[in-house]
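2 protein chains.
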Amino acid sequence: MKGGYIGKILFVNLTDKTIRTEPIDPQVAEKYIGGKGYALYLLYYRYLKEYMAKGMSPKDVNPLGPENVLIFATGPITGVAGVPSPGRYHVMALRSPLTGSVGSANSGGEFGPYMKFAGYDMIVVEGASEKPVYLEVVNGHAEIKDASDIWGRNVFDTTRVLKNRVKAKNVSVACIGPAGENLVLMANIMNDDHRAAGRTGLGAVMGSKKLKAIVVAGEEKPQVAKPDEFRELSRNLIERMKKNPVTGEGLPTYGTAVLVNIINQAGMLPYKNWQFGYNPEADKISGETLAKTFLIKRRPCWGCQIGCGRVVKVESGPYQILYSEGPEYESIWALGNTTGVMDLAAVIKANHLCDELGMDPISLGSTIACAMELREKGYIPEEDLQGIDLRFGNAAALVESIWRTAYKSGFGAKLALGSKRLAEMYGAPELSMSVKGLEMPAYDPRGAKGIGLNYATANRGGCHVTGYTISPEILGLPQKIDPLTPEGKAQWVKIFQDLTDVVNSAVNCLFVTFALGAQDYADLFNTVAGFNFTTDDVMTIGERIYNLERYIMSYYGFSAKDDTLPKRLTHEPMPEGPVKGQVVELDKMLAEYYKLRGWVDGVPTKEKLKQLGIEP
Amino acid sequence: MKGGYIGKILFVNLTDKTIRTEPIDPQVAEKYIGGKGYALYLLYYRYLKEYMAKGMSPKDVNPLGPENVLIFATGPITGVAGVPSPGRYHVMALRSPLTGSVGSANSGGEFGPYMKFAGYDMIVVEGASEKPVYLEVVNGHAEIKDASDIWGRNVFDTTRVLKNRVKAKNVSVACIGPAGENLVLMANIMNDDHRAAGRTGLGAVMGSKKLKAIVVAGEEKPQVAKPDEFRELSRNLIERMKKNPVTGEGLPTYGTAVLVNIINQAGMLPYKNWQFGYNPEADKISGETLAKTFLIKRRPCWGCQIGCGRVVKVESGPYQILYSEGPEYESIWALGNTTGVMDLAAVIKANHLCDELGMDPISLGSTIACAMELREKGYIPEEDLQGIDLRFGNAAALVESIWRTAYKSGFGAKLALGSKRLAEMYGAPELSMSVKGLEMPAYDPRGAKGIGLNYATANRGGCHVTGYTISPEILGLPQKIDPLTPEGKAQWVKIFQDLTDVVNSAVNCLFVTFALGAQDYADLFNTVAGFNFTTDDVMTIGERIYNLERYIMSYYGFSAKDDTLPKRLTHEPMPEGPVKGQVVELDKMLAEYYKLRGWVDGVPTKEKLKQLGIEP
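Line by line, the protein sequences give chains A and B. Note that the first sequence ends on residue 616 in the working numbering; no numbers are left out. Note that the second sequence ends on residue 616 in the working numbering; no numbers are left out.
It is possible that some hints are incorrect.
Said to hold, decoys possible - Here are a few chain B residues that face chain A, going by a calculated C-beta distance under 8 angstroms:
#	residue
1	S148
2	W151
3	G152
4	D157
5	P178
6	P318
7	L322
8	Y323
9	S324
10	D389
11	Y551
12	K561
13	P616
Hints listed in this document are in silico derivations from the structure and should not be mistaken for laboratory results. Note that the Cβ used here is the ideal one computed from N, Cα and C, for glycine as well.
Given only the sequences and the hints, what does the whole structure look like? Please build it.
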């Protein structure tokens, strides 16, 4: 039997081209597990506090400067066969160029497990290179290599070239496309062609460091501390996953796109930049329609039993695609429903281009929809558009805007800034449907108040994977609660947010939580990595991580004033559909939430930090 | 009275950042006038011979290396008010990256005249910069400036930024777009937004030198040697231009697009990569249809009385454009007819993107059409296309291919090489409709044999503006000749080629020759610049220039073997339409042509060179 979480961290400095390693610190792991939690620990104690000690103000940390730090992180249960959905990794940055807050994103595919097989649980990237480089990590050996021949290439080309270059088993590439190189503020880090660490613009951080890609490969399989107990646990958990209606049936059959019709019928599928929450035509772009038309097969992440990933092919028409993955629910909504483009083939094309060029469909689609409303309302003069007919429903303009944004060509240079800066530039900041500068995902909280509180308080901004109360409010998991009441939502949001940070530190797929809970994670940590956690321990760790992130954010100036929603959601009653007349009663929920959190002005108090064992 | 051609040449070395000037040499001007002729003189005597003297083989001149030389050239009658259509300039390069031959292109707008007003008749660019720069020439003062903030920007953005930066009268910008920066082999040099020095890939030469743009501005108006005689001459010439059916009526009313229906009715409008010469749907994209639909107004070059340039607007649909110029006949054909895209709005969009990204529509459209046929015939495997449905008639695939080519994304990286390399790569070189690597323009010579001989023998490759025998063969100017006979065509081709080189050295617009001839050019040179040329002198100068270019080409290995046409034109009888059954009888015409030229194996003999006063 092996005790505790054993693993290594690779530190790569792109300024002076040095590489060093250190082991996972068991005391840190005990408090922050791995993944997001451990990365946050490093960002704060290893970097931000050091910068402050040297006299630098956190507000002067340039997200696109060499002082930003980017961490690719797996956790103790990532890449372990038999763990439910163990194929993800998390990326953190000291600061996001889109939001100015902490950068945070998560992705599936093979990269996470293969990074671990390459010998490292985490890769920490410091500094910035002058010339384009990529990092190659194969079976424990890491090397910074010249990337001048692939700089400028798209994600698919880059991935193929680098994969062919490494002669080893289990090769995976995480890279940026042109959008990241061009410092588009919603640029993604892409891995395995179509998988994206896709929020808060971390592709631009890679671009600013001139780091085109990280290639990992290896055969170092993670060990399990208590193999017999784990085998039994694994059987039990996977059995429960299979019996669960979402993880055993809905997601495998229709993918995330199963939500299009569900959320539309709940009256909260944002349509035309959130002017409406119900779209009578939504079925044209639903998961069911996708399954009947363009779907070829499933494409699971490494070791996953759910397999929500889709493979599609569009065989004719102007938007033909011979092979693509996705589109996910969020891509369908952001590139389709909110832009009013009801052509599923065009949405697939747009999603494919987002992958190819390396951009976040949620932020990009929402920014395009914002521009469409800005234009419709007369804020954007026609000459600024340089000929793009940016109106709701124009598929060609959608596709063209994606090219333009990635290359900052013409009006694309403005779209590349995201909806917050765009709407401010044109004097109508209220038309940016974002929180803390991050565009919100596809659930209008006027139809489920809990998700509204979560959007307002999620650390990274308008985010659905930080505290997904849609699960109880709409899907009835683990139990059905009334979506329209603000009552009792603060408690749900807090628990979901804390649990999510556990999952992101595991690192595990969030979809597992449809079926499993904190006790199951404690069991996984204990059997796989030799921890001795109780359920309470696990939830306290989640809360600790959530508070540390919030505490770091306070250094950048974030406070209660930023825990808000766009006015449309709190002051414009939903105009029609099943939840007609509803608004989000945010203030009431927020007061209760802060009380539960032990925060004042949206920031953890000294007592709270002390209670959680966070040293300021 | 002022005698001889007085002017200055600016030499800019981008490697060591030195700038020097020298006066126009009257002895060189006497033999080569200015423009293309004078530039060729410099390229050969000042550079190529020097390289050879240092032991370098001409075949080792890398078109994208610092050893290439790029010359922007006006001539004695450019920018002189009262000269018919005096708004053009010529660009020459020691070597074209597309063809490997001498690089040569010509453009209108304001750049030529304004460069002269800025104080220089020619700008010679040597060497290559390490970092992006642009050249600013204002009222005699030249400076190399940092272009890092505009590198990556499109043509319209670049032009606007640089125009706003110069506080002077008569500002004009010639620049490259992303295609030039990315060394796309069909990249253009663009000036005044929509005007293009658009053949032989000279934008890539600028890109290789990291020269983003040349900005010129000034008020130094050229003087006229014999003002009274010139005034009289000008009145007379312009009167004749106005009375001529092409320069006085056809071009002003319909622009060059008037040719769509004329050439289609002659059965020689290449359709679907030259598989056919007649398209029953051609009127959908004709000049007449353009005039009835999207045309807003004319947009003449500086000082031009013809004003063939079009301004268009597409107010609705997926291809909306608020303002664009063109499309010209060649763009309409290459982006529309030969790709089978019969949607005029899509063609306007495609043309607009070519301008914005800086690419040659003739070469690009032809390369896309070539790819479409290669795919139709099974040469291109679907996976190489990365999802683009490259089939004849697909407007969306056309538009997408333009983005991909400019940024070398996916299959675009192959399109960026041009049709010759593409067709060779896929094992079907005969499907590239090019001569010497340059894609042919929109006249199928199976319907007009003279233009076939011209394509085969034009120095820069498949070129219609080197010896435009369409004028007598189809338009009946200066007299109607039988298009289908090969008899007597060699003589016409030689005269037209020689006269064209006079026009390109004048520098003047080729369209003037629909109405005027060699005697008129002699009169213009004599009155404007104080030469004492006879008509014979002028034609001898043209022949000298033509032979010098051909002689330089022989150093690169060009010979009679390269004076050919694609087999489709010489061996596949036209399958249908007005000239059904015709092929081009090239060999017969070629033998006669070489005899008239005094060439052996396609190269001027020593005697010929001596006779023309060309020192080897």
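Against the structure, the hints:
{"no.": "1", "hint": "S148", "in the structure": "13 angstroms, violated"}
{"no.": "2", "hint": "W151", "in the structure": "11 angstroms, violated"}
{"no.": "3", "hint": "G152", "in the structure": "7 angstroms, holds"}
{"no.": "4", "hint": "D157", "in the structure": "6 angstroms, holds"}
{"no.": "5", "hint": "P178", "in the structure": "7 angstroms, holds"}
{"no.": "6", "hint": "P318", "in the structure": "3 angstroms, holds"}
{"no.": "7", "hint": "L322", "in the structure": "5 angstroms, holds"}
{"no.": "8", "hint": "Y323", "in the structure": "7 angstroms, holds"}
{"no.": "9", "hint": "S324", "in the structure": "7 angstroms, holds"}
{"no.": "10", "hint": "D389", "in the structure": "3 angstroms, holds"}
{"no.": "11", "hint": "Y551", "in the structure": "38 angstroms, violated"}
{"no.": "12", "hint": "K561", "in the structure": "34 angstroms, violated"}
{"no.": "13", "hint": "P616", "in the structure": "41 angstroms, violated"}
Violation of the numbered hints given earlier is confined to hints 1, 2, 11, 12 and 13; the remaining hints are satisfied by the structure.
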